[in-house]
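So you can see what is in the structure, the chains are spelled out below.
2 protein chains.
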Amino acid sequence: MMTIGIDIGGTNIKYGLVDDAGHVSHRGNLVTADYHTIPGLVSDLHNRLADVLAAFPVRGIGIGAPNANYHTGNIEHAANLQWTGIVPVAQPFSETFGVPCALTNDANAAALGEMKFGMARGMNDFIVITLGTGVGSGIVSNGQLVAGHDGFAGELGHCVIIRGGRLHHRTGLRGTLESYASATGVVETAREMMENDHAGSGLRSVPLSELTSRKIFEAAQRGDKLATEVFKFTGQVLGEALAIFVHFSSPEAIIFFGGLAHAGDLLMKPVREAMEANLLQNFKGKVKLLQSSLPEADAAILGAASLV
Amino acid sequence: MMTIGIDIGGTNIKYGLVDDAGHVSHRGNLVTADYHTIPGLVSDLHNRLADVLAAFPVRGIGIGAPNANYHTGNIEHAANLQWTGIVPVAQPFSETFGVPCALTNDANAAALGEMKFGMARGMNDFIVITLGTGVGSGIVSNGQLVAGHDGFAGELGHCVIIRGGRLHHRTGLRGTLESYASATGVVETAREMMENDHAGSGLRSVPLSELTSRKIFEAAQRGDKLATEVFKFTGQVLGEALAIFVHFSSPEAIIFFGGLAHAGDLLMKPVREAMEANLLQNFKGKVKLLQSSLPEADAAILGAASLV
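Quick mapping for you: the protein sequence lines, in order, are chains A and G. Numbering-wise (our numbering), the first sequence opens with residue 1 and increments by one. Numbering-wise (our numbering), the second sequence opens with residue 309 and increments by one.
Treat each hint with caution, since some may be false.
[Stated by the list, open to error] No farther apart than 20 Å at their CA atoms in a straight line, the calculated lysine to aspartate or glutamate pairs in the DMTMM-like style are these:
1) A/LYS286 to G/ASP573
2) A/LYS232 to A/ASP265
3) A/LYS284 to G/GLU526
4) G/LYS594 to A/ASP150
5) G/LYS592 to A/ASP150
6) G/LYS592 to A/ASP265
7) G/LYS533 to G/GLU560
8) A/LYS286 to G/GLU526
9) A/LYS14 to A/GLU296
10) G/LYS577 to G/ASP505
None of these hints come from the bench; they were simulated from the model.
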């Protein structure tokens, strides 16, 4: 049987039909800003999928979206979406399509995708960390998503790792994981290091406004010392954070997804060292650090579909 | 039906019969050092309980013990017990008594006790933190104990909260929660403050070797400024740690158990302030901080019995 997977982002809404082996077909893409209300989106999608729904039995709809509440099926106060306040989503989808609908945030969906189709197959206890513009997380314990009392658990990017550290502008918190271990954080670290350290670096020829984590990564690959230090520091902060998470839920693996996850050993070597150095003896050498194997283009749709 | 609850500690082994309402009867106490092997303990306990077992139907045995592995039923490498290496416990109990036996560490048992008989009745997502000589924790998510991949999850006392902070001698880790928010940590903080701050304090008349967290608490209650600062700092570190834990599992409540939990507002006011200051907007004002209501003398037995 097939499942509809929908990934609602600030810019695009991607959808597709997912079979039990994790193959995505009948993909489509909508522009988020075109839809002023959820019922408008639901009815448009239902029309677009009419032929598909007639041809295939569908067991349900899974949706990944920012600020999605797993318990209520609503999107609640999402800063990056035009739907303000608390917006019912699962209910209108379920009513119009006549099948169950569940939603959760994108990082939780990623975790379920890894469990059903990716690196976490057969695992009951693991954490997925998305290292992109921000740092997201999805946690599975006892084979179940850790959703928390209010449906909003798994905000590991907002844990303070360095007391009184760098200000994270959107949240007002200081020293959170996201302010260091995101693409944005990597650029900020490079900027700080260039300010405080007067050693030469190829990065100095890049205008600050054009500095990206990719350019820093490429410089580090060419052996640029400062760029290498940036990844070393980033990895250290991330590794210290992971040690905390391991003491919490003792996962079999931590799986990385997103742009920075491709930095390989440049990031992962310091991550592992810092994590191991901050673990109780009991946990040392036990936790696998893995990179997601899901195809980047389909991961969000696969994850959303895994909800059902 | 009744359950046997057993609490294995470094000094004493306490046991009792627990009914469905959480009343403990037929209590007993053994000296841990008297038992060189688990089978010896099992057979002695079976003899002592022979009359009880003949009179009451018993559904199972629950055991709380240090370094207990929930998944395997073994005690593994417990530093404070004379049984070295990996020692089967659930199996010999189960075989001799003819009923199921489960074991977990004392803080996990406390969490299950709170869920069945205490402040967490009706809750599916909460954390119990024991503030004693050390800092222990038991985490419940989706109504289930977070045991982790290896059965050893929930070591929140060993999370690093202050990078490069105070050395925790037993583990070799620096800046962990336990090195600040335990009875031992409170004494250490007072010692440091007296060394670095030359203000007068009633605590200065107490010989350092006789300084206890209780004496510091009593001084604070009398209005001693330095003693009050000790609790303020302790609460701040604990509150910062709680914010991390809330971002992880979004619990409905955090329940405190053990000696320091009785310090009341002196500790809890700074705890709440620091926690709230370090939370995402989404979580602010939502998490209940509660004190355990289980009778101190029975809590460990009740918790252990709740395992079955």
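Can the restraint linking G/LYS594 and A/ASP150 be considered satisfied, given a maximum Cα separation of 20 Å? Roughly 9 Å separates the two Cα atoms, so the pair holds.
Is G/LYS577 within 20 Å of G/ASP505, Cα to Cα? 23 Å, violated
Could you grab the alpha-carbon distance between A/LYS232 and A/ASP265 and see if it respects the 20 Å cut-off? 10 Å, holds
Decide if the proposed pair is consistent with the structure: A/LYS286 and G/GLU526, CA atoms, cutoff 20 Å inclusive. 44 Å, violated
For the pair supplied as a hint, G/LYS592 and A/ASP265, is the alpha-carbon distance within the 20 Å limit? 37 Å, violated
Run the distance test for A/LYS284 versus G/GLU526: straight-line Cα separation, threshold 20 Å. 40 Å, violated
CA of A/LYS286 to CA of G/ASP573, is that 20 Å or under? 40 Å, violated
Hint check: G/LYS592 vs A/ASP150, CA-CA at most 20 Å. Holds or violated? The hint holds at about 12 Å.
Does G/LYS533 pair with G/GLU560 here, judged by a C-alpha cut-off of 20 Å? Violated. G/LYS533 to G/GLU560 sits at ~34 Å, over the 20 Å cutoff.
Proposed proximity, A/GLU296 with A/LYS14 (alpha carbon, max 20 Å): OK: A/LYS14 and A/GLU296 at ~13 Å, within 20 Å.
Checked against the numbered hints listed earlier, the structure breaks hints 1, 3, 6, 7, 8 and 10; every other hint is satisfied.
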